[in-house]
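2 protein chains.
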Amino acid sequence: MSEHLVVIGADATGMSAASQARRRRGPEQLRITAFERGGFSSYSACGIPYWVGGEVAERDALVARTPEEHRSRGIDLRMGTEVTEIDLDRGRVRTRELDGGAEAWTGFDQLVVATGAEPIRPSLPGFDAPGVHGVQTLDDGAELLATLERDCHRAVVVGGGYIGVEMAEAMVRRGLQVTLVLRSAEPMPTLDPDMGKLVRVAMEGMGIEVVPGAEALEVLLGPDGRPREVATTAGQYPADVVVLGLGVRPRTGLARQAGLPLGASGGLRTTPEMRVSGVDGVWAGGDCVEVLNLVSGGYQNIALGTHANKHGLVIGTNIGGGRATFPGVVGTAVSKVCSLEIARTGLGEREATAAGAAWESAVIESTSRAGYYPGAALMTVKMIAERDSGRLLGVQIVGREGAAKRVDVAAVALTAGMTVDQVVSLDLGYAPPFSPVWDPVLVAARKLAGRVG
Amino acid sequence: MSEHLVVIGADATGMSAASQARRRRGPEQLRITAFERGGFSSYSACGIPYWVGGEVAERDALVARTPEEHRSRGIDLRMGTEVTEIDLDRGRVRTRELDGGAEAWTGFDQLVVATGAEPIRPSLPGFDAPGVHGVQTLDDGAELLATLERDCHRAVVVGGGYIGVEMAEAMVRRGLQVTLVLRSAEPMPTLDPDMGKLVRVAMEGMGIEVVPGAEALEVLLGPDGRPREVATTAGQYPADVVVLGLGVRPRTGLARQAGLPLGASGGLRTTPEMRVSGVDGVWAGGDCVEVLNLVSGGYQNIALGTHANKHGLVIGTNIGGGRATFPGVVGTAVSKVCSLEIARTGLGEREATAAGAAWESAVIESTSRAGYYPGAALMTVKMIAERDSGRLLGVQIVGREGAAKRVDVAAVALTAGMTVDQVVSLDLGYAPPFSPVWDPVLVAARKLAGRVG
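Line by line, the protein sequences give chains A and B.
Per our numbering, the very first residue in the first sequence carries number 1; after that it's consecutive.
Per our numbering, the very first residue in the second sequence carries number 1; after that it's consecutive.
These are calculated hints, taken from the structure and not from any lab test.
Watch out, some of these pointers could steer you wrong.
Chain copies aren't distinguished; within one or between two, either way the pair holds.
[What the hints assert, rightly or not] Taking lysine to aspartate or glutamate and the DMTMM-like style, the derived pairs with C-alpha atoms no more than 25 Å apart in a straight line are:
hint, residue 1, residue 2
1, Lys447, Glu215
2, Lys197, Asp280
3, Lys197, Glu69
4, Lys447, Glu273
5, Lys447, Glu69
Every value quoted in this text rests on a predicted model; they were computed, and no experiment measured them.
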């Protein structure tokens with residue numbers, strides 16, 4: 001008698017888990033059913049800003065694997081079907097077809113909760129009007145593009161994090177005049193303010209109006225019921241379209257009802273095997289769980305496709321009879337706004353203080369290639385380390401071509417628990433077209449090494 | 001009474017050491033004299049191929065710091081002055097001015113041997129003719145450029161390593177028809193042959209004629225005493241100019257005469273502090289020493305500016321009263337030929353076997369950005385790991401934009417002694433313009449993880 005695996009949510013975690021379990025166990029051993037309430041499977045939400053911005057021409061390019069492809073691999077994927085209840089005692093889920101409303105119970109031996117995240121949408125007047133758009137799903141993207149087909153000249157983007165900054169770029173690329181309204185003092189609040197300031201100055205240089213320290217209060221509508229202006233604590237800004245980039249929170253309503261354990265971050269608690277803590281046969285991963293930060297030792301919720309895919313691989317391997325773990329994250333994130341690249345990993349100053357560390361930091365400017373080599377582009381690198389031990393705590397990079405992915409060096413060094421002295425000695429690739437003789441990350445480590453240990 | 005530091009060789013190691021010692025100790029505490037037999041200080045030999053190729057317009061762009069700049073910082077730099085003998089017993093060096101021949105003895109308390117490397121030049125007929133060029137010094141570069149001003153149409157480059165491949169590109173950029181003659185089966189013998197083959201195929205696609213498995217025998221000269229043809233074991237190839245890229249060996253004649261200890265690699269043996277082993281007050285670094293390979297545990301000589309600079313920093317710190325060490329290398333190297341990027345770190349298959357490891361390898365193809373993002377470029381990643389432990393042993397990457405510096409992730413992971421399972425879990429930067437959701441290095445680790453441990 002074969003086991004039955006039920007998956008809730010058919011994006012990165014859910015379908016990676018299903019696919020990996022299927023690779024390891026054939027249909028005669030493992031039956032797999034996946035429920036997805038939306039209309040797409042395995043798509044790249046991270047790609048939506050580039051589709052809206054026009055770099056990616058077709059929505060379907062963002063779909064890594066269609067429902068048909070999954071089905072051809074022996075996964076019974078039910079689209080447009082919402083799971084409305086998890087019954088742990090009887091090992092079953094209740095589903096409802098969005099088209100028609102038919103309800104049913106489905107039993108499971110193993111369950112994967114991959115319900116993802118939901119965008120934060122303020123309950124303020126006007127924010128539910130047509131012309132006010134989130135960018136969480138492919139349908140969101142299509143609706144925003146439909147709005148842009150209208151006579152749009154001015155966009156207000158609300159929120160200064162990754163999505164806000166990327167959507168500001170997308171609106172610029174669409175030829176709109178853009179205002180970015182953000183609560184924090186500088187864009188990219190996951191950077192320290194001195195590094196965020198570099199992002200603001202660059203964005204202003206691109207013609208984007210940046211309004212920091214402002215709360216949106218209301219979307220004022222025109223006679224057509226569409227945005228006319230956004231009222232904020234810092235003033236009113238005309239808008240034909242409003243884009244929300246206020247971040248997301250884990251979608252855990254189902255899990256909460258079922259009594260599954262949630263952490264302080266709001267995400268599901270799991271073991272390193274991505275099993276829901278204390279619950280046999282139930283697994284969770286992706287945007288709806290919390291993960292260990294290997295640098296701070298704390299738990300946090302991070303909505304990022306790369307983690308979601310790794311979680312799915314770990315879950316699928318374990319369900320498939322193998323053994324895999326997800327040890328945690330170091331908080332790496334990269335982004336860009338037009339030609340400005342932005343990266344961070346580990347802890348920023350505020351996070352380092354919150355983690356109880358006494359720290360020092362250093363900021364340097366260097367180039368992506370040897371200074372004399374054509375195309376050498378400036379970047380600013382900030383490095384933070386523990387004062388006494390010299391242990392690396394975090395790195396932030398803002399610059400042009402070649403800046404963002406340099407943060408990977410620091411991500412690996414953080415994972416290994418290296419000191420800045422050890423970073424100075426790293427044998428990184430050097431040739432004039434690729435790096436100065438001292439890579440910018442090493443230059444920062446050299447400077448910081450003189451202040452710690 | 002102040003100490004006297006004498007430095008032999010005014011390039012990366014020598015002048016980094018002098019500058020760092022000067023930063024830590026003023027002229028009243030430390031007198032610094034540096035002898036350089038050539039005409040340039042602190043220049044980038046690695047940049048010569050790009051100057052010859054025309055990407056770098058001016059020779060002087062390759063000079064990081066001129067003799068005058070060093071002198072203004074309190075370093076008595078004597079150009080055109082060769083050290084002809086080290087007298088360890090009496091703590092002095094004998095010098096000879098190349099212009100005039102005046103000889104003198106100079107006493108030292110501390111000595112830095114930074115004599116660099118010398119190019120390998122076969123003692124075969126015709127190889128000392130005008131029109132046959134090494135590319136080790138700025139003078140070499142100027143002479144090659146002077147030859148190219150003549151009526152040159154065909155170049156033969158002898159040697160298939162970094163210099164050979166980079167000089168082949170430079171000749172292509174100068175509009176010449178290029179033949180690359182190499183001893184090994186594929187270019188870039190520091191890569192495994194399957195990866196070197198990708199380089200050959202790409203070079204052939206650029207119109208470069210690649211002649212593998214061939215020894216150069218003679219440069220046949222025309223009536224003007226300049227190259228007409230290169231005779232090899234694989235046939236004869238017309239040439240108006242011949243470029244030698246046969247590698248270098250440590251320049252240790254002086255050190256050998258003085259009885260300083262040399263390793264099997266031919267380089268000077270040093271402690272991690274870069275003190276010459278067993279000899280107080282004498283330091284050495286750069287292309288004339290051997291370094292510990294942290295992966296194999298063996299010693300090797302590596303002529304690379306990035307190591308030379310680090311050695312100089314370590315030496316200068318220690319002479320200046322601080323404490324620094326150079327722990328070793330992992331064998332990272334990056335290069336390119338036109339738009340093809342080439343990188344390696346750690347051990348190749350042959351080196352892994354020589355180090356006594358039982359290993360497995362995996363090769364994957366992926367892209368530099370999300371597949372749907374414009375500019376996503378193909379790369380091939382090969383990863384090697386120890387069969388039983390799963391410990392990472394080496395990575396090689398050949399591809400287009402964004403390929404080379406990805407090797408840094410592996411370099412740090414090798415330094416930390418990570419397993420491929422640990423590599424799979426690394427929290428690398430992900431956003432569609434910068435990486436697929438699984439970075440290519442992680443894709444290789446995923447594939448290899450299934451074969452080891």
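**Study point:** Contradicted hints - numbers only
**Key:** 1, 2, 3
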